[in-house]
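One line per chain: the protein sequences are A and B, in this order.
For the first sequence, our numbering assigns the number 8 to the initial residue and increments by one for each residue that follows.
For the second sequence, our numbering assigns the number 4 to the initial residue and increments by one for each residue that follows.
Simulated from the structure, these hints should not be mistaken for laboratory data.
The C-beta atom is built at its ideal place from N, Cα and C for all residues, glycine as well.
Treat the hints with care, as some may be off.
[To be verified] Computed list of chain A residues with no C-beta within reach of chain B, every gap over 10 Å:
1) Leu-10
2) Val-68
3) Val-80
4) Arg-202
[Claimed, not checked] If you want a taste of the chain A side facing chain B, the calculated C-beta under 8 Å gives, among others:
5) Arg-15
6) Ile-81
7) Ser-126
8) Ile-180
[Stated by the list, open to error] Straight line, CA to CA, 30 Å or less: simulated DSS-like cross-link-like pairs of lysine-lysine:
9) B/Lys-136 / B/Lys-118
10) B/Lys-136 / A/Lys-102
11) B/Lys-159 / B/Lys-136
12) B/Lys-159 / B/Lys-180
13) B/Lys-143 / A/Lys-102
14) B/Lys-118 / B/Lys-160
15) B/Lys-160 / B/Lys-180
16) A/Lys-127 / B/Lys-180
17) B/Lys-118 / B/Lys-180
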Amino acid sequence: MSLLGEFRKGLWRENAVFRLLLGLCPTLAVTTSAENGLGMGFATTFVLVGSNIVVSLLRQVIPPKVRIPAFIVIIASFVTVVQLCMEAYFYDLYKALGIFIPLIVVNCVILGRAEAFASKNRLLPAMADGLGMGIGFTLALFVLGAVRELFGSGTLLGYAVFGSGYQPLLLMILPPGAFIAMGLLLACMNLFDARRR
Amino acid sequence: MNGLPRLVLALTLITVGAGLLLSLVESLTREPIAEQRRLETLRALQTVLPPFDNSPDADTVELVAGQDRKGRELRRIFFRARKDGALAGVAFTVVAPDGYSGNITMMVGVDPEGKVVGLEILSHAETPGLGDKITRDEFKGQFRGKTLAGADWRVKKDGGDFDQITGATISPRAVVKAVHQGLQFFHDHLSEVLAAKGGVQ
Numbered sequence: 008m009s010l011l012g013e014f015r016k017g018l019w020r021e022n023a024v025f026r027l028l029l030g031l032c033p034t035l036a037v038t039t040s041a042e043n044g045l046g047m048g049f050a051t052t053f054v055l056v057g058s059n060i061v062v063s064l065l066r067q068v069i070p071p072k073v074r075i076p077a078f079i080v081i082i083a084s085f086v087t088v089v090q091l092c093m094e095a096y097f098y099d100l101y102k103a104l105g106i107f108i109p110l111i112v113v114n115c116v117i118l119g120r121a122e123a124f125a126s127k128n129r130l131l132p133a134m135a136d137g138l139g140m141g142i143g144f145t146l147a148l149f150v151l152g153a154v155r156e157l158f159g160s161g162t163l164l165g166y167a168v169f170g171s172g173y174q175p176l177l178l179m180i181l182p183p184g185a186f187i188a189m190g191l192l193l194a195c196m197n198l199f200d201a202r203r204r
Numbered sequence: 004m005n006g007l008p009r010l011v012l013a014l015t016l017i018t019v020g021a022g023l024l025l026s027l028v029e030s031l032t033r034e035p036i037a038e039q040r041r042l043e044t045l046r047a048l049q050t051v052l053p054p055f056d057n058s059p060d061a062d063t064v065e066l067v068a069g070q071d072r073k074g075r076e077l078r079r080i081f082f083r084a085r086k087d088g089a090l091a092g093v094a095f096t097v098v099a100p101d102g103y104s105g106n107i108t109m110m111v112g113v114d115p116e117g118k119v120v121g122l123e124i125l126s127h128a129e130t131p132g133l134g135d136k137i138t139r140d141e142f143k144g145q146f147r148g149k150t151l152a153g154a155d156w157r158v159k160k161d162g163g164d165f166d167q168i169t170g171a172t173i174s175p176r177a178v179v180k181a182v183h184q185g186l187q188f189f190h191d192h193l194s195e196v197l198a199a200k201g202g203v204q
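Please model the complete structure; the sequences and the hints are all you need to start from.
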């Protein structure tokens, strides 16, 4: 598959959240607003690209028997880098995402891509794959966060969308709202795909 | 080289590399992170204190406020704000352990007469849309001007002076109680807070 193909598959056809249903724990937990979704998405993308690069470069060196601990060490290092940088330069976002930044380590999208793709492919395809999967993940979190923020708080990226008379549908930013919004978005995507075929 | 030594060597090298990278990043971000935390404290101090011209975060008194369940000392830091050398107000943090979810950390500012100037919520994990309304100005504002003796430190539902929030009584109740205890502690240790030169007593 071409580099562009590796990049594009993560956006829709193999979208981590909406197609593979991977990494749902952070997805459902942090998407109370579009901004949180974006922040989490970018952090995950950085970790995904970084770990894909290193795993791909070291794929001949890492013995298959210890590959999983090796991958986890690599991923955990990138996550810690993200956490420290975010605390130093994006303090508000750091406080909003809280415990979910260290939990990127156990996001199965990242280990999944290291195991299924980066450990078997050369550097450039692995980078394209990581970037595509990461951006796909970010888009999914942004859309989910935007929908929940729009109905749950009546705002989008912090700006009021509906008039002041709007009574926010509180349920949408509470945990059950995550499942409901996720289910409805999945249904919309399936409907769209079915129509196109 | 095959078998076990190779596995050990590979993992060791990877972890050493990871360790080196992390120590480098940590040393680069240490100062900005300390600065961010200091700025956060300063921002909170500015909202809860009357105007001042010193650095309250450098003019502090630390008192032992009791012990936690494990017998460790609980310390409370008092930030002293001064204007033209005279005491303008004192700020201190209080923690409400009995919110709806997790601790609520707050900064309370009082003037030299013991009147509350402002309240700021530093961190909390209350339910979005319900309990988190304690961060709104309508809620925080009702503490302004209150004194230890001059108010009934309970929410209205319990017969006190403070408005609770529709659908969320637990969070406001915890906040009111914690602020009250903080003021009581301040009142009881007034001479130590005001007289001390600073540092740990």
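Okay, the hints, checked on the actual structure:
Every CB of chain B lies more than 10 Å from the CB of A/Leu-10, the least distance being 27 Å, so the non-interface label holds. With a closest Cβ-Cβ approach of about 6 Å to chain B, A/Val-68 is found to fall inside the 10 Å limit, against its non-interface label. A beta-carbon of chain B is positioned within 10 Å of the beta-carbon of A/Val-80; the least distance is around 5 Å. The claim that A/Arg-202 lies off the interface holds: its Cβ sits roughly 35 Å from the closest Cβ of chain B, which is beyond the 10 Å cut-off.
The beta carbon of A/Arg-15 is not positioned within 8 Å of any beta carbon in chain B (closest approach about 31 Å), and the interface hint is therefore violated. Interface restraint check: A/Ile-81 against chain B, minimum CB-CB distance 7 Å, threshold 8 Å, status holds. The restraint placing A/Ser-126 at the interface with chain B is violated, with a minimum CB-CB distance near 13 Å, outside the 8 Å limit. For A/Ile-180, the shortest C-beta to C-beta distance to chain B is roughly 5 Å, which falls under 8 Å, so the interface hint holds.
Restraint check: the Cα-Cα separation between B/Lys-136 and B/Lys-118 comes to about 23 Å, which is no more than 30 Å; the hinted pair holds. Between B/Lys-136 and A/Lys-102, the direct Cα distance comes to roughly 18 Å. Compliance with the 30 Å bound is thereby established for this hinted pair. For a cut-off of 30 Å, the pair hint linking B/Lys-159 to B/Lys-136 stands: about 16 Å separates their Cα positions. Our distance criterion of 30 Å between C-alpha atoms is met by B/Lys-159 and B/Lys-180, whose separation comes to about 13 Å.
For the hint pairing B/Lys-143 with A/Lys-102, the CA-to-CA distance comes to about 21 Å; that is within 30 Å, so the pair holds. A hinted pair counts as satisfied when its Cα atoms are at most 30 Å apart, and B/Lys-118 with B/Lys-160 qualifies at roughly 24 Å. About 14 Å separates the Cα atoms of B/Lys-160 and B/Lys-180, which keeps this hinted pair within 30 Å; it holds. For the proposed pair A/Lys-127 and B/Lys-180, the alpha carbon gap of about 59 Å is over 30 Å, so the pair is violated.
Taking the CA atoms of B/Lys-118 and B/Lys-180, the gap is about 16 Å. The hint holds against a cut of 30 Å.
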